[in-house]
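Student: Given next are the chains, with one letter for each unit.
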Amino acid sequence: MKLLEEMLLKKESFSEIVMGNTAIVRAMIESNTKVITSYPGSPTPEIAGAISSIPLEKRPFYFEFSTNEKVATEVAFGSSVNGNLSAVFFKSVGLNVAADSFVQLSLLELIGGMVIILGDDPGANSSQNEQDNRHYAKLSYTPIFEPSTPQEVYEMYLEATELSKKLKMPVILRLTTHVCHAKQKVDFGSYNTIENSFKSDFDVSNGPYIPITSEVFPMKEKALKKLDSVSEYSQKTKINKVFINEDNKRGIITYGGPYLSLIDVLKNSNKKPDILKLGIVYPLSEKIIVDFLKSHEEIKILEELDDVLEKEIIYLAYKNNLNVKIIGKSSLEDWLGEYTPDKVEKVIKNLWPDLISNTDSENFEEIYVPKRPAQMCPGCGHRSAFYAVKKALKDKDITVADIGCHTLGFLPPYNMGQVLLSMGHGNSTAAGLSIHNKERKVVTFIGDSTFFHAGLPGIINAIFNKHNFTLIVMENGTTAMTGHQDHPAVGKNFNSDTSSISIKKVLESFGVKHIAEIDAYSQKKLIDTVREFVEIEGFKVIIAKHPCMLKFTREQRKKGVFITRKVRVDKDVCTLFYECIERFACPTFQKDSEGKIYVHEDLCIGDGSCMQTCPSTAIKPKKESKEGEK
Amino acid sequence: MFNIYLSGVGGQGIGLLSEILIRACDYAGYKVYGVDTHGLAQRGGVVESHLKIGEDIYSPLIKKNDADLIISLERTEALRGLINYSKKDSKLIFYDANWQPLFVRMGKDTEVSLDLLSNECKKRNVSCYRIFLDTLNDPKMQNIVVVANIAKKSLIPKVEIVHYENAIKDLLSGVNLERNLKLFSEMFI
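These protein sequence lines map, in sequence, to chains D and Y. Take the first sequence: its position 21, counting from 1, is numbered 21 in the numbering used here, and each next residue is one higher. Take the second sequence: its position 124, counting from 1, is numbered 124 in the numbering used here, and each next residue is one higher.
So here's chain D without its partners, still in its complex pose (with noise of 0.2 Å):
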């Protein structure tokens, strides 16, 4: 087996085929990154996967988990300060959990410098929006590098650092789910370690660091005069590229993963305009920009999701007085989605069809298949509780979804869950719903992780002022959504053991007096305790325990003691009241061709959680067996 650990430490230079989160860790090692931080998100959290593969005596850098996106940043912002070189990487919207803190940094002297990697999610794969990150570099006065592959990925890393380091200014590597994802062989550069000093850098003379009143203004005026110097940088780096193929009439301007789909969707063009690809997408260089609009007589910018470029670039045009036709969007489908080859193909075809050759595709009359949505796993905790809250409730009664596995308790049959906005929103929506409403209990959930990301202002403000609804903390003792990392209920964070904080002992410590810790295959204590519960004013929480039986089977393999079980359906006493298909709805159980229900051996995990559910007790335990054995 290649092992990753040896390949990301090795000195030398060599190739392999990497994801772009991966040839990322590789960067920061060649880089002497110092100190990394995230909270976990698709699509960045392999990145920390790679970093893990690494012992952490052999880490070349401190890494953590931080418990939200926020913290991650200010611990990546305290260590550059200090004189670290650091890095902070998240999805998306965690840039919205951030951003307090985040659009400070550009006023201050980030003397070690500082990456901020960003996992945007055009065609919203696993995200609550397709939010476009690059307007936030404008509110910020942030440069954006945006790579197309994972070679880009690791090469536009390394120089990210560098103009971080030179102009002591955060610096945006935006990466989109399939640059993330993407494997390709990349070829790695040679490093040498510089070995940790352990010193103290820094100083308030680097500064000011007191962003106040008057002080304001010239740290403001000290971060546009670096963002000036970053337009005249972008000038000068290779990682902006004109490829002339001698059309002096069309051009087009674009950047990351739609100029890949660019060169693909044009391979077999026998006529191909000139195209600017852009490194940095923020800020511009003006002269980069009016020398390719001069140049040509109708300018298509393509570009995914919003308008940024399109608007910057019409500015350009305008303030340079050039005769230029620029066409930019011109639907609101072309606002949606990611720009996959057949979306780029179509967007260029509706404007210059001559580039298009029509390829002659046969059409077959349509078929239709069945929708696959994700589900929970097999004997995933969630679905029993799920099951019982939804039995202990009245259907008029209001449900508040929040972030997590247990996000697809919204689908049918449970239908719990039915409002959602962000993490740990849950509990504040849920107090909402409360005011002024005497006819609806309101039920809201949270995951583990998510209770300590986001979720404890929203309990405070529950406590502090006196509203009525009632919790249920879905916990399953690990971030599970992202891969299972720990959050600090689990007692062992990234690098070691860690005492752990008890979310019940927290929530006692609060003073809410009603508190019930069940495990949630436990279906009539939880049946009945949600009924007590919301029949009770003021907050009430339910800790729904059960571990992630995903993460708990992957575990037992590892150490090999894993044992196989299963449950059978009994044929002779089964009533086909279909309870454990139509309501529990373990996947599990399926039914063949004439009605009859069975166990698919595939899935089953013999966790037993469905047994109870079973109104005429047909579902029984099988006999074990080692695994391997039938």
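Hints are computed from structural coordinates only; laboratory data are not their basis. The beta carbon of each residue, even a glycine, is placed where N, CA and C say it ideally should be. Nothing false has been slipped in among the hints.
Footprint (simulated), chain D over chain Y, 3 or more residues, beta carbon under 8 Å:
id, region
1, 51–60
2, 71–83
3, 102–108
Partial pick of chain D residues on the chain Y-facing surface, computed with a CB cut under 10 Å:
id, residue
4, Ile17
5, Thr149
6, His178
7, Asp264
8, Glu338
9, Asp342
10, Val344
11, Pro373
12, Leu550
13, Asp602
Straight-line C-alpha distance at most 27 Å; calculated DSSO-like pairs for lysine-lysine:
id, chain 1, residue 1, chain 2, residue 2
14, D, Lys391, Y, Lys108
15, D, Lys168, D, Lys238
16, Y, Lys158, D, Lys185
17, D, Lys620, Y, Lys140
18, Y, Lys140, D, Lys591
19, Y, Lys88, Y, Lys152
Since chain D is already given, all that's left is putting chain Y on it; use the hints.
Tutor: Chain Y in isolation, oriented as in the chain D frame:
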């Protein structure tokens, strides 16, 4: 250029399958570029992977109905892959696991039958290979059975058995490697 589209259900092992193919193609001397849909947000949902081989490859994403080879670990996903990604004369290989989607289990959708799948293949002039191993105890190894059959039927031009073996050796170790290599070689007896 040769395009491969892979699909399955989250938890079936599409990630490893695609990683094996990427590395096998690399061992065979091809330039390769691929991308998976990652993340547990997809657990129990559709998981896809795109793989492009050869010169002249830029985006890792395959255009609709432009795959030379479609690989699926599940029957319903095989049909979805066929409809969305096949072109005339492409090939489909699938492991006939049947993980009924939510609305099929709930009786609101109809299960995809083998007849439907084979008819749709015929209509499109797509050769279809159904793989199912009755004696396989560990569902986590269905992906290796598929890899072995891809090798056996030479479904990826110029990628040979030894290339697949080397790829598997790069990615697995210990007992896991032994079990998977053993199963892989048994498929050629």
